[in-house]
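Just so you know, the protein sequences line up as chains A and B, in that order.
All letters in the first sequence, in the order written, are residues 1 to 305 by the working numbering.
All letters in the second sequence, in the order written, are residues 306 to 676 by the working numbering.
Among the clues, some could well be false.
So the derived label-pair ranges between C-beta atoms look like this [unchecked claim]:
| no. | chain 1 | residue 1 | chain 2 | residue 2 | range |
| --- | --- | --- | --- | --- | --- |
| 1 | B | 502 | A | 296 | 56 to 64 Å |
| 2 | B | 521 | A | 138 | 17 to 25 Å |
| 3 | B | 386 | A | 235 | 48 to 56 Å |
| 4 | A | 296 | B | 371 | 30 to 38 Å |
| 5 | A | 264 | B | 371 | 32 to 40 Å |
| 6 | A | 63 | B | 307 | 55 to 63 Å |
| 7 | A | 186 | B | 521 | 32 to 40 Å |
| 8 | A | 165 | B | 509 | 17 to 25 Å |
| 9 | B | 383 | A | 261 | 32 to 40 Å |
| 10 | A | 242 | B | 386 | 54 to 62 Å |
In short, the hints are calculated from the structure, not lab data.
Every residue gets a Cβ at the ideal spot worked out from N, C-alpha and C, and that includes glycine.
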Amino acid sequence: MLAGLMKRVVLVSGKGGVGRTTVSIALARAAVANGKRVLLCELQDQENTESALGRALGGFSLSENITRLQPDLNACLLSSRYGHIRFLTSLLPAKALITAALKSRALQVFLNSAPSFFEMGIFYHFLELYKAKEADGSYSYDMIIIDMPATGHALALTGLPEILLRLIPGGPIARLLREGQAYLNDPEVCAAWIVSLAEQLPVSEALELLAGLQKTNVPVGGLVLNRLETNPFNESEMNCLDALGDVDDLLGARVFRNIQRMDVQIERLRKSVQVPIVGLKECKDNAQNLFDTLARELNAAENLV
Amino acid sequence: MKHSTRELLETMRVIVCCGAGGVGKTSVAASLALAGAQLGKRVLVLTIDPSKRLAETLGVSRHQEEPVPVDPERLADAGVEVSGSLSAWMLDPQMVSDAVVRRLSGSNDNAKQLLNNNIYKNVTAMVAGMQEYTAVEALHGFIKDDAYDLIILDTPPSRNALHFLDAPNRITEFLDGRVFRFFLPKEGGLFQKATSKVLERVLHVALGKDSTAELLAFFRMFSGILMHLGRDAKGMREFFAEPSVAFVIVTSPEKEALLEAEYFKRKTTTELGLNLCGVYLNRTLLDLENQAAPETVLSSDNHDACLSSALEKLQVMANSEKKLIAGHREIYEELAARIETKQFLTPLPYLSEGVSTLNHLTYLAGRLCSA
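Could you build all of it, start to finish, from the sequences and the hints given here?
Dropping the structure here:
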């Protein structure tokens, strides 16, 4: 597998509808096949809506506690509330004080709605999992894959240490943020991958996201182009179809046209990005087979550039 | 009687487009605005933190201090006849927030002090509900004056379509006077003072002394403004419940759409008393339902070998396409069964090239009105 896909922390981001969650799961499977102990995470949102990752995994209801899916494949939600509790517990010796503080509605409201504090809780939870160790001293998880929320929020999270450090340059939070920032900005440790489709609009969006991520100093591993259609037609067949005149009125023509345009989009990406590009073939299998197929593809993936 | 897009464009003052991120909400909002202008209305489309793409399509610049009219010549060049007018305001949340601070600070000095506060500068746009509030604040100004007949509000993107409607509640909660008093230990009774002490101690431990002081200073300065916004929030809820304000939801043909619609129905009708008029199921392939299969061409004529093999391969694509279309149809039918009888459900086509030109917008506008 490409080294860039095997970092200790892989952030999988991308616009809705491009298959971000599917790619995250496939990557997790591929890493397990490579002997890694993997933790697959999704952010728990403030409304506590059902986890899309749990649903995609086959109807698991995930929580901040670890769910063991397979011996080396675990999943959980990164929870802001849990992070807040753990953080305060680590700082305050007096249990009673924490209990009192967390019972206060004011603090609850504050933590949920005040700037960056939501992300801060998520961040702490992530750090705890990152540093978790087994009895023998080895890391509990060789690889943490985070299925990042759609664009805006993903940037808020990766840019968080930067912003908060400007506000809170000292104290325990600052120490924590510096520590987390050091991991997230280290290309040896962390890589953000952008999932996209080889279509005009998604490619434009992926380029915008790439620029945004690069601003936050998170190393970008590369782009995954999901659902690539293989072109079954040879040159003369394509000419035959074009010569048909009303080919666009036939069912399937949309896919045919997409395939013709896909190469243009891949070319466009090749010209405008410096990071690796990995392609995944369109696969219409059921979910479980799909993950396996994509995992094998990721395992064998080569840089398209 | 069942609502229709055309009726909304002709009778409503405000149409609020709700939807999760990535469903093409902004494009639908812009198309609605264009359709309204074609019907002779003076239309303003208000979007927050919009994409560069839409700005380029409309030929207006983002982050202006006020709405920018779309050049009628630009529309005419694209073959769009507009008897009304179309303006767009693509808002920078920070800018609107600054304007609010200047307006509500009481004095120039106060405003300056707050605008220069480190915390204010960095995080205001991130206060939960602030973007949504910003949209409504801007909206409010236009409702009062008579420059526009119709305002299309494109709500900020969120994972959840209904996030926007909860914003007033979230911001009121955040601004809740009681909460603030806990951070302003000078006031309040014994109990409050005790709670403030606990909170302050927690904050001290977590943030360090200096940062806590800065945070408390921010709260002191910002609280007056936020309190004011909090009072406004009640008015905002009432305003949204008025019969001249229509809500439409934009969704895409995925399973989540069904959950969203369900949630929306519960929220709007029972909890908030809002006027949900219809659902746009965007990016569907339903237009392709009646396309002929490639094999029909194959069997009817005597083709050369090259065309035959090409059509056979195209048939494979047609088969997978059929499944996809059937999935969209299923979601459409399920949605149709779940919405109220007076609400419309309008499918919109998936445009392979995206919605990146005025022609695309015009096409969508036509589809919206013909439905």
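Distance restraint hint 32 to 40 Å, applied to the beta-carbon atoms of residue 186 of chain A and residue 521 of chain B: At roughly 35 Å between Cβ atoms, residue 521 of chain B and residue 186 of chain A fall inside 32 to 40 Å, so the hint holds.
For the hint 30 to 38 Å, verify it against the beta carbon of residue 296 of chain A and that of residue 371 of chain B. 56 Å, violated
Look at the Cβ atoms of residue 63 of chain A and residue 307 of chain B and judge whether their distance stays inside 55 to 63 Å. At roughly 43 Å between Cβ atoms, residue 307 of chain B and residue 63 of chain A fall outside 55 to 63 Å, so the hint is violated.
Given a hinted range of 32 to 40 Å, is it respected by the beta-carbon distance of residue 264 of chain A and residue 371 of chain B? 39 Å, holds
Does the hinted range 32 to 40 Å hold for residue 383 of chain B and residue 261 of chain A at CB? Given a distance of about 22 Å, which is not inside 32 to 40 Å, the answer is violated.
For the range 48 to 56 Å, tell me whether the beta carbons of residue 386 of chain B and residue 235 of chain A fit it or not. 43 Å, violated
Please check whether residue 521 of chain B and residue 138 of chain A have a Cβ separation lying inside 17 to 25 Å. 44 Å, violated
Hint says 56 to 64 Å; check whether the CB-CB distance for residue 502 of chain B and residue 296 of chain A agrees. Hint holds: Cβ distance 59 Å, inside 56 to 64 Å.
54 to 62 Å was suggested as the range; check whether the CB atoms of residue 242 of chain A and residue 386 of chain B agree with it. Since the Cβ atoms of residue 242 of chain A and residue 386 of chain B sit about 34 Å apart, the hinted range of 54 to 62 Å is violated.
CB of residue 165 of chain A to CB of residue 509 of chain B, is that within 17 to 25 Å? 18 Å, holds
Hints 2, 3, 4, 6, 9, 10, counting from the list given before, are not met by this structure.
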